[in-house]
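When you get a sec, could you build the whole thing from the sequences and use the hints?
These protein sequences, in sequence, are chains A and E.
Sequential numbering of the first sequence, starting at 8, is according to the numbering used here.
Sequential numbering of the second sequence, starting at 6, is according to the numbering used here.
It should be emphasised that the hints constitute simulated quantities derived from the structure, not laboratory data.
Keep in mind that the hints are not guaranteed to be accurate.
What the hints assert, rightly or not - A few chain A residues that don't get close to chain E, going by computed Cβ distances all over 10 Å: (1) LYS19; (2) VAL23; (3) VAL24; (4) ASN40; (5) MET121; (6) TYR135; (7) ASN145; (8) LEU157; (9) VAL197.
As the list claims (entries may be wrong) - In silico DSBU-like links for lysine-lysine, alpha-carbon gap of 35 Å or less: (10) LYS35/A - LYS263/E; (11) LYS269/E - LYS28/E; (12) LYS28/E - LYS110/E; (13) LYS35/A - LYS110/E.
In this text, a Cβ means the ideal position worked out from N, Cα and C, and glycines have one as well.
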Amino acid sequence: MKSHSNRSGVRKVKAVVWLHTLRMWRYKYSFLNMALSTIMWIMIFILGALMFLPGGEVQKALPAIFWGVAMWNIISSAVWLIGGWTNFYLTQGFFEEHVVVNTSSFLVLSFRAMTGLLMSTVAIGFTYLVISSMSTENILVAQNPTFMVLGLVLLIVMALSYGLTLSALSFRVGVPHMMLEIMNFLVLIVGGLATPVSKLPEPMRYVALVIPYSHPAELVRYGTIGIKPYLPLEITITTTVFLTLVMLIVAVFSMRWVERYVRKNGLKAIGRM
Amino acid sequence: MVDWRDILKAQLFSTVCWYRNNKWMLITTFVWPYLMVGTIFGIGMALGSLEEYAERVGVVNPALYLLASSAVAMSSVYIMYSITGFVLENRWIGTLPYLLLSPAKTHTVIVFSSLPDALTSPVFTAIAIIPAAVYFEGFTGALRIFIVLLITILGMLPLMGLSVIMASTILFLKEESNIMGSVVPFILLVSGVYYPIEVLPRVLQVISQFVPVTYVVEATKIVSTYLTSEARMLMVALYMIGLLTVGYNLLATLAMTKVERAIKSKGAL
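See the structure below:
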């Protein structure tokens, strides 16, 4: 009985992976469009911010800006391609369709991570092309690859957990689109992504330290361009791992709770984002 | 017989109801320009100084200029989101065929249904930044923002035709999202909304000459700098907007009839 259930689970996972692969191919223009549009929006702000620098110092700032944009892109993709996609999913009536075939909607939504990560990879590629064309030196440096990989992996898990939690919330309540945009911007400015925590003004540093993403971002910056984290390295690593686990647990529990609730009480919310 | 006034009235009513039921959205509309300025300011100040920005961009009051240009960035291209978003949303919910069956011409329905949304955005944005303008420059500041609002609305005219063609393309391509979404940031990127266009590669500088928003941004810069000697430059920017309005809308009118017929014969809904 158990092996039958396992086989069924594997078949469902295969089907969901196939679904997302097919969708990605079918909507390839949408995919490319999203990658391009995100990066162009961010370049508008970055070019504006670079005007605050004396001409001679722009080159020095470019590697840090590249990694900041790359990390923000990972978070942004998770929010919009998992959390934001829930709107489309529910509008099209896919929830009911999956209930009929006894498949969890959150299994489908979790595998949107594939689309999200691929989107981030393409967008980061575009960012690299744009910023490296402005730079006279190689911006893709890794002074300590272990910390870079550790920081990136934990940041990805955090971002996916956040996206899935938002998705679960939007099954029950409307999550305002604008609020998510605002949160995204705040994370970029005070979340220690665009600039190292140590470079932020004094009160903002404490805000940044409360935002979970600032810790893996500090690790990535240390691993790539060698800027030491604001907190001691050991504390930064421990905090990052702890916060990642907390966000992951919150995501899993909120998905299970919402799934049970919706199956029992029906779909009341509209998944609006 | 349904004409553009009925469509405009109905959609205006719908927009009012929508804002009434989405108060959070209304609030964030007012917060949004400050957030955009905050983003640039936050990153910029961590990197350098406001004085450097004023010198490199060539403006007297960088804070007011950043606010005014954020309002332009948000509003001038909103017409494109509004028109393409309207078509896409109606296709999603299955009401597009009914809209196309209405007695008015398809492009009339599309343009006038999107207009209330497109016009409320710059008005709300201008109202949102007026307190900051008054804080910086008193009544003159408010007057400048009012002039920027008028220029922004004027700058929407050439984009109208372009948006209708984009909306038709979306129908042909049958994609799930607004695949024209990257056109909007591209237009803003080449129009040098927060920086001089001279920092862009040469090819983008050439493209920017054909983008109406470039002249809206230029006019905004002149208005927020407010040097009377540059009034002639303001007129040049306004003439260019007028010229592009005629050009783009003429092109759209010529293309639209064919596009409409093709959509209906292909059943691309």
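Against the structure, the hints come out as follows:
1. LYS19: holds, 23 Å
2. VAL23: Per Cβ check, VAL23/A is outside 10 Å of chain E; nearest 17 Å; holds.
3. VAL24: holds, 19 Å
4. ASN40: Since the minimum Cβ distance to chain E is about 4 Å, ASN40/A lies within 10 Å and the statement is violated.
5. MET121: The claim holds: MET121/A sits with its nearest Cβ about 16 Å from chain E, beyond 10 Å.
6. TYR135: Nearest chain E Cβ is 16 Å from TYR135/A, so the label holds.
7. ASN145: holds, 20 Å
8. LEU157: holds, 25 Å
9. VAL197: violated, 7 Å
10. LYS35/A - LYS263/E: holds, 27 Å
11. LYS269/E - LYS28/E: violated, 38 Å
12. LYS28/E - LYS110/E: holds, 33 Å
13. LYS35/A - LYS110/E: The hint holds at about 31 Å.
Comparing the model with each numbered hint stated earlier shows that hints 4, 9 and 11 do not hold.
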